[in-house]
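K.L.:
Those protein sequence lines, which keep their order, are chains A and B.
With the numbering used here applied, the first sequence corresponds to residues 2 to 116, in that order.
With the numbering used here applied, the second sequence corresponds to residues 504 to 614, in that order.
Hints are computed from structural coordinates only; laboratory data are not their basis.
The structure presented is a predicted model; accordingly, all values stated were derived computationally and were not measured.
Please note: incorrect hints may appear among the correct ones.
As the list claims (entries may be wrong) - Listed below are the simulated DSBU-like cross-link pairs for lysine-lysine, each with C-alpha atoms no more than 35 Å apart in a straight line:
1) A/Lys-58 <-> A/Lys-72
2) B/Lys-512 <-> A/Lys-10
3) A/Lys-96 <-> A/Lys-10
4) A/Lys-10 <-> A/Lys-58
5) B/Lys-560 <-> B/Lys-512
6) A/Lys-10 <-> B/Lys-518
7) B/Lys-568 <-> A/Lys-58
8) A/Lys-58 <-> B/Lys-512
9) B/Lys-512 <-> B/Lys-568
10) A/Lys-72 <-> B/Lys-560
11) B/Lys-512 <-> B/Lys-576
12) B/Lys-560 <-> A/Lys-96
13) B/Lys-525 <-> B/Lys-568
14) A/Lys-96 <-> A/Lys-58
15) A/Lys-10 <-> B/Lys-576
16) A/Lys-15 <-> A/Lys-58
17) B/Lys-525 <-> A/Lys-96
18) B/Lys-525 <-> B/Lys-512
19) A/Lys-96 <-> B/Lys-512
20) B/Lys-576 <-> B/Lys-560
21) B/Lys-568 <-> A/Lys-96
22) A/Lys-72 <-> A/Lys-15
23) B/Lys-525 <-> A/Lys-58
24) A/Lys-72 <-> A/Lys-96
25) B/Lys-576 <-> B/Lys-525
26) B/Lys-568 <-> B/Lys-518
27) B/Lys-525 <-> B/Lys-560
28) B/Lys-525 <-> A/Lys-10
29) A/Lys-96 <-> B/Lys-576
30) A/Lys-10 <-> A/Lys-72
31) A/Lys-15 <-> B/Lys-512
32) B/Lys-560 <-> A/Lys-10
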Amino acid sequence: NAGVTQTPKFQVLKTGQSMTLQCAQDMNHNSMYWYRQDPGMGLRLIYYSASEGTTDKGEVPNGYNVSRLNKREFSLRLESAAPSQTSVYFCASRKGAGAAYNEQFFGPGTRLTVL
Amino acid sequence: AQRVTQPEKLLSVFKGAPVELKCNYSYSGSPELFWYVQYSRQRLQLLLRHISRESIKGFTADLNKGETSFHLKKPFAQEEDSAMYYCALSDRSGSARQLTFGSGTQLTVLP
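Full structure from sequences and hints, please.
P.N.:
Okay, structure coming up:
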């Protein structure tokens, strides 16, 4: 099992360009998450999907959209990139769909720079 | 609103010395606390959770509800413990179990 995979690993964009970050998991998990990691601020939740077909905003959703394409895949789209979106983006997944605890498993991250 | 505070951005100790990484939280409900670790060039991974009350790689953490703290401790630090450590909180009643992370502490264990 590859666990949680993310593509691309690195990306440089110019202000105003758009792109989609891809995330996939092969663990048959129900819940998936997108975080951004910034120096001195830890990880902040952008969007999450508690199950296939549902998505909800997290702490910092502005400037982003998501799609839960199927149970395996959860993509994050930047429609018009801004320098403030320069960050490392992490995808995570969790087996459960409800309140019962399951560990979140993280992908390797995508390092995005917006010039 | 829930909040996790890690007051130390950087922490350096010598090999064999005790180490304590501080974590304080604010939350009105019934939280579940975790420690995650990120070693250099590796992905973020769970180190331990307060409910399990176990020791992982020699690390322990006790939830102190009175002081709203969940400090991570190890009696004898090793060089391989050098990493970024994040304290995180999850709302047990939340349907999606979102995690709220602290800002992290970079631990360096010196030889």
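K.L.:
With reference to the structure, classify each hint as holding or not holding.
P.N.:
Now for the hints, and whether the structure bears them out:
1. A/Lys-58 <-> A/Lys-72: Satisfied, since the Cα-Cα distance of roughly 18 Å is no more than 35 Å.
2. B/Lys-512 <-> A/Lys-10: Status holds; Cα separation ~26 Å.
3. A/Lys-96 <-> A/Lys-10: holds (24 Å)
4. A/Lys-10 <-> A/Lys-58: Holds, at roughly 24 Å.
5. B/Lys-560 <-> B/Lys-512: Holds. B/Lys-560 to B/Lys-512 sits at ~22 Å (cutoff 35 Å).
6. A/Lys-10 <-> B/Lys-518: Measuring from Cα to Cα gives roughly 34 Å; hence the hint holds.
7. B/Lys-568 <-> A/Lys-58: Given that 35 Å is the threshold and the Cα spacing comes to 29 Å, the pair holds.
8. A/Lys-58 <-> B/Lys-512: Answer holds: A/Lys-58 to B/Lys-512 is near 28 Å, not above 35 Å.
9. B/Lys-512 <-> B/Lys-568: Judged against 35 Å, a Cα distance of about 23 Å means the pair holds.
10. A/Lys-72 <-> B/Lys-560: Roughly 34 Å separates the two Cα atoms, so the pair holds.
11. B/Lys-512 <-> B/Lys-576: holds (16 Å)
12. B/Lys-560 <-> A/Lys-96: holds (25 Å)
13. B/Lys-525 <-> B/Lys-568: holds (14 Å)
14. A/Lys-96 <-> A/Lys-58: OK: A/Lys-96 and A/Lys-58 at ~19 Å, within 35 Å.
15. A/Lys-10 <-> B/Lys-576: Satisfied, since the Cα-Cα distance of roughly 33 Å is no more than 35 Å.
16. A/Lys-15 <-> A/Lys-58: holds (25 Å)
17. B/Lys-525 <-> A/Lys-96: Distance ~29 Å between B/Lys-525 and A/Lys-96 Cα, so the pair holds.
18. B/Lys-525 <-> B/Lys-512: Roughly 10 Å separates the two Cα atoms, so the pair holds.
19. A/Lys-96 <-> B/Lys-512: holds (32 Å)
20. B/Lys-576 <-> B/Lys-560: Since the Cα atoms of B/Lys-576 and B/Lys-560 sit roughly 11 Å apart, the hinted pair holds (cutoff 35 Å).
21. B/Lys-568 <-> A/Lys-96: Status holds; Cα separation ~28 Å.
22. A/Lys-72 <-> A/Lys-15: Distance of about 32 Å is within 35 Å: holds.
23. B/Lys-525 <-> A/Lys-58: holds (29 Å)
24. A/Lys-72 <-> A/Lys-96: Roughly 11 Å separates the two Cα atoms, so the pair holds.
25. B/Lys-576 <-> B/Lys-525: Roughly 9 Å between the alpha carbons, so the hint for B/Lys-576 and B/Lys-525 holds.
26. B/Lys-568 <-> B/Lys-518: holds (31 Å)
27. B/Lys-525 <-> B/Lys-560: Cα-Cα ~18 Å, so holds.
28. B/Lys-525 <-> A/Lys-10: holds (32 Å)
29. A/Lys-96 <-> B/Lys-576: Status holds; Cα separation ~29 Å.
30. A/Lys-10 <-> A/Lys-72: Holds, at about 22 Å.
31. A/Lys-15 <-> B/Lys-512: holds (31 Å)
32. B/Lys-560 <-> A/Lys-10: holds (29 Å)
The structure shown violates none of the earlier numbered hints.
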